[in-house]
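Put chain R with the ligands on the given structure of chain V with help from the hints.
Protein chains in written order, with full-length UniProt numbering: chain V, 1 to 460; chain R, 1 to 460.
You may find that some hints are simply not true.
A pair holds if it fits inside one copy or across any two, identical chains being indistinguishable in the list.
[Unchecked claim] Distance condition first, Cα-Cα at most 25 angstroms in a straight line; then the derived SDA-like pairs of lysine to any residue: (1) K176 to P237; (2) K186 to T215; (3) K157 to L372; (4) K196 to R175.
For the record, the hints were derived by calculation from the structure and aren't laboratory data.
Below, each chain spelled out in residue letters.
2 protein chains.
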Amino acid sequence: MLIPQTSTSLADCLRLRRQKLANLIKFPVILWSGTNSPRNFPANPFPFRANSHFLYFAGLPLPNAAIRLEGGKLELFMDDPSPSSTLWHGEMPTRNEIAQKIGADVARPMTELESWIEDAVTLAVQDAATWTQQSQLLNRWVLPQSPPQGIDLDLAKAIASIRLTHDEAALTELRKAAAVTVEAHKVGMAATPQAKLEAEVRAAMEGVIIAHNMTTSYNSIVTVHGEVLHNEHYHHPLQPGDLLLADVGAETEMGWAGDVTRTWPVSGKFSSTQRDIYNVVLAAHDACIAKIQPGVEYEDIHLLAATVIAEGLVELGIFQGNPQYLVEMDAHALFFPHGIGHLLGLDVHDMEDLGDLAGYEEGRKRSDRFGLSYLRLNRPLRPGMLVTIEPGFYQVPAILNDANVRSKYQNVVNWQRLSEFADVRGIRLEDDVLVTAEGSEVLTAALPNDADTIENLVGR
Amino acid sequence: MLIPQTSTSLADCLRLRRQKLANLIKFPVILWSGTNSPRNFPANPFPFRANSHFLYFAGLPLPNAAIRLEGGKLELFMDDPSPSSTLWHGEMPTRNEIAQKIGADVARPMTELESWIEDAVTLAVQDAATWTQQSQLLNRWVLPQSPPQGIDLDLAKAIASIRLTHDEAALTELRKAAAVTVEAHKVGMAATPQAKLEAEVRAAMEGVIIAHNMTTSYNSIVTVHGEVLHNEHYHHPLQPGDLLLADVGAETEMGWAGDVTRTWPVSGKFSSTQRDIYNVVLAAHDACIAKIQPGVEYEDIHLLAATVIAEGLVELGIFQGNPQYLVEMDAHALFFPHGIGHLLGLDVHDMEDLGDLAGYEEGRKRSDRFGLSYLRLNRPLRPGMLVTIEPGFYQVPAILNDANVRSKYQNVVNWQRLSEFADVRGIRLEDDVLVTAEGSEVLTAALPNDADTIENLVGR
Ligand SMILES: [Mn+2]
Ligand SMILES: [Mn+2]
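Chain V extracted, bound-state conformation (with noise of 0.2 angstroms):
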């Protein structure tokens, strides 16, 4: 374990994050890190990736710690490295070390923990090996699976409220992963000329994000065929009329997530029925982007990006009728299946291990409209709030060949003028959006996204 030295004082900045906490919450709070989860045996494990909630207040990637939060006071339980493990990984830094770079007032062993757990409360990690602890430590069921319940239910709630919104140090890291995310991207286009592979131009991207030390915040997707949502394959050949999704994004050493999505054209040229789609994304991308201030909800940028994807499509003569009526009946839905963005912060859906509880406004719940149905952000947004903004157009076979889904919107698609855009299987256009007092900021902004200047970065 590196400890990293930051600009400013990584121990100043989580002081202010446990006070804002010891406001909300009375009771103690113990936070695991977690453990390695084995591949395919134990000493084969996946790379270490600590809990979020234990990096948010912890700022330091450590395995097999936990601490303990309490009016502000923090407490640090680890064990100091082993000497085998010293022979096996080198020097690492001592407890005591980690705990003066955090500003823990206290540090023990791990095995002191049990003498602290009355009347905590905690949240549950994703490894076996430490939900497994919790729960018996705690004596109760800490489990993944089911979201946090009694008075873990006010510890998630409170945790919820403060990472809604990012602090400076949060954005130093989230604006570092936003330019890694950007470079990757800028030479996955670059690389895509000399690819016959998606796999080559996934290399090229994630190599720009291992080179930088980061990690991918979730498995790529870089597919021709991005009509598949959730593509994770990577076999396809790229052939010259195709157009290649790719969504990738960097994870700092910290946590710290980007999530970006871009759209090109393997030939470095769109056709003329590719571009038309493209721009119709574009413009619900663009125009989701000028709607974000403070006070706005985002369901209705969602609904925003639904409507002028559903105009678009009117003026391609795809759709048929009022765009506000298409909407209103979920159309758009049947090309635009998922919602516009969610919460980005240390998950690349930030705090999704609680379930709804930090998407969703307190008293809100999933609407069962196809249209709605899998938004994953509804809030009014306020400023530090950071989201993404990631409208597409997809053929998804499962979806247009349903006969049901066929008649019930037989009327309003011109399944002719459709048939002409079968080039275009999947677009997708994906920036991160800060909410500022005074509107947005794209974190991602140095990436552009206009057809013609994606055509030049592909190159020939």
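Relative to the frame of chain V, chain R with the ligands by itself:
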């Protein structure tokens, strides 16, 4: 899930494998594939890695599946993709299509598995969701952290004996892994002169692996601090006098692993001290490979490496005394504190999920000796076994600064002379070697290892 087209029939290969198992085990065998492990929230998992025993007998990395083997018959249990999974993940092959591909006699939905568990033996899968399910269905603990017990132990022994030597289909995959691993190392060497950080060389190497649509078979080591044996940090700058140690391997889509280490000078030119030690390690490497043939004890290969290293260090004046005697007193382990290698197959330490069951001949146990305790393989070699040969030289502060160690070896080490080799912190050379009827075949022989050629590959 893509069904790959293989040149020889996957079904025929799998039939032979399970016939071997049927000859050894009369109980029905159920093997689970496992499921995704969550990263920071359930919808953001690590990439899926199927259990290796499942992979060996089912041939494809199918998530959330199980196979039942009895008397040479294969029954596949998995669910057809749901309509919503088709929306998000695209058209997937059906259960019946997969059953045909792998030559299953029967294919059933996962819910029917509970009707087929009577008298079944199994091996634990690593992820908690699956081993919990295994334990519940079989009504006994099936835990990945504990060695197989009771009737499962017989299964473990049978599978270990089968997987210990590789069939042609396995070797085809292992040669693919070796070829991409070799290319990754060549690209890493070539990328070094332009790189400022370890992470940049790592990116170049892993980029090759990703571009071939493969994954790394373990977390890469790419470090100028080779003396830290399991160094998974990549943040150090590259300095002209540094040696860079890269232990990086590719794993094919079907799960078969490569595992190669090279050590090269960042400047493209070994210092004379670095070259001297490099040639000692290379001499040990070459002597070990020359000695490999059926019937030879792997422990003797290890001791040969120890002896060649001791001889070389005597010649350089670092050791004083008789090499044979130095090895008997474990002096070699001062600088070579790990084993000469391990089994390689579907796992980088093949079948290490079974503890030492595969690595150690029945009745043998790990030695207590400082110079032997880390040996992962202790069996007579047989044709078809794939092993690594990976001698090294390291100046590990935790060993060399230990007062007990220094006093024990006070008279055999010329500490003054040793101090002249301060620019050699860690060197390792590792290749993947197949035991053949005639002797051996180095699957990774296309990657040079002599000092001059390495210098040329690094370029200037
Ligand atoms: Mn997103
Ligand atoms: Mn190895």
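Now for the hints, and whether the structure bears them out:
no.: 1; hint: K176 to P237; in the structure: between (32 angstroms within a copy, 19 angstroms between copies)
no.: 2; hint: K186 to T215; in the structure: both (17 angstroms within a copy, 23 angstroms between copies)
no.: 3; hint: K157 to L372; in the structure: within (24 angstroms within a copy, 54 angstroms between copies)
no.: 4; hint: K196 to R175; in the structure: between (32 angstroms within a copy, 22 angstroms between copies)
Violated hints are absent here; each numbered hint is respected by the structure.
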